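**Q** Turn these sequences into a full structure, and let the hints steer you where they fit.
Chains as they are written, first to last, in the working numbering: chain X, 1057 to 1172; chain W, 1356 to 1466.
Rather than coming from a laboratory, the hints here were simulated on the basis of the structure.
In this text the structure is predicted, and so the values were computed from the model without any measurement.
Even glycine gets a Cβ: it sits at the ideal position worked out from N, Cα and C.
Don't take every hint at face value.
[To be verified] The calculated label-pair distances, taken between Cβ atoms and stated as ranges, are:
#1 X:Thr1063 x W:Pro1376: 35 to 45 Å
#2 W:Glu1400 x X:Ser1129: 18 to 28 Å
#3 X:Glu1059 x W:Lys1458: 20 to 30 Å
This is what each chain is made of:
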Amino acid sequence: EPEVTQTPSHQVTQMGQEVILRCVPISNHLYFYWYRQILGQKVEFLVSFYNNEISEKSEIFDDQFSVERPDGSNFTLKIRSTKLEDSAMYFCASGTGGWARSYEQYFGPGTRLTVT
Amino acid sequence: DAKTTQPNSMESNEEEPVHLPCNHSTISGTDYIHWYRQLPSQGPEYVIHGLTSNVNNRMASLAIAEDRKSSTLILHRATLRDAAVYYCILNYGGSQGNLIFGKGTKLSVKP
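**A** In structure tokens:
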């Protein structure tokens, strides 16, 4: 069964450093998402991406964040200058899209980002 | 924005049915009702979705009230692997369907 994969599983970085989190969505999916979950808190939407551009983004997704689909398979989230409060589990998701709001999303296992 | 209300936690015995309720009294006519679950230390997992009619799949059943102001996720025979946080989500978060998660219901399954 196809699945979303994410690398690395755990990333430790120092405050102020740039990090890139990588995701390989399911191959025939057209919609891509990043979510994050701070330990013990809710899963929060960050950004959605379709047709090589950002479709929606939340207030969390500020100028320090960027997303890219550099080739036909990878989908990346870059944090330019990490802060302590960026420490969280980051989940990538993908979906086929569909009529209105009816489609389902498939999530990867997550990357745990620890900023020290 | 339409919101959902779920109990914080529920308990079930293994191999018994589980009914997880969700209230969404301000649902709009075009909102789909989605259920996701998150097993410990894993990413969210799609369970089921529906609009007006009851739905069944291999994982669960979704019963939607006639007025659509509430729904119930039914696990027909709970297993230990079903212990997770279950989220009821209305897909209103944007044209691309970004999911807005609440706190969900933490389901414990006792052997």
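**Q** Compare the structure with each hint and give your call.
**A** Okay, the hints, checked on the actual structure:
{"no.": "1", "hint": "X:Thr1063 x W:Pro1376: 35 to 45 Å", "verdict": "38 Å, holds"}
{"no.": "2", "hint": "W:Glu1400 x X:Ser1129: 18 to 28 Å", "verdict": "22 Å, holds"}
{"no.": "3", "hint": "X:Glu1059 x W:Lys1458: 20 to 30 Å", "verdict": "26 Å, holds"}
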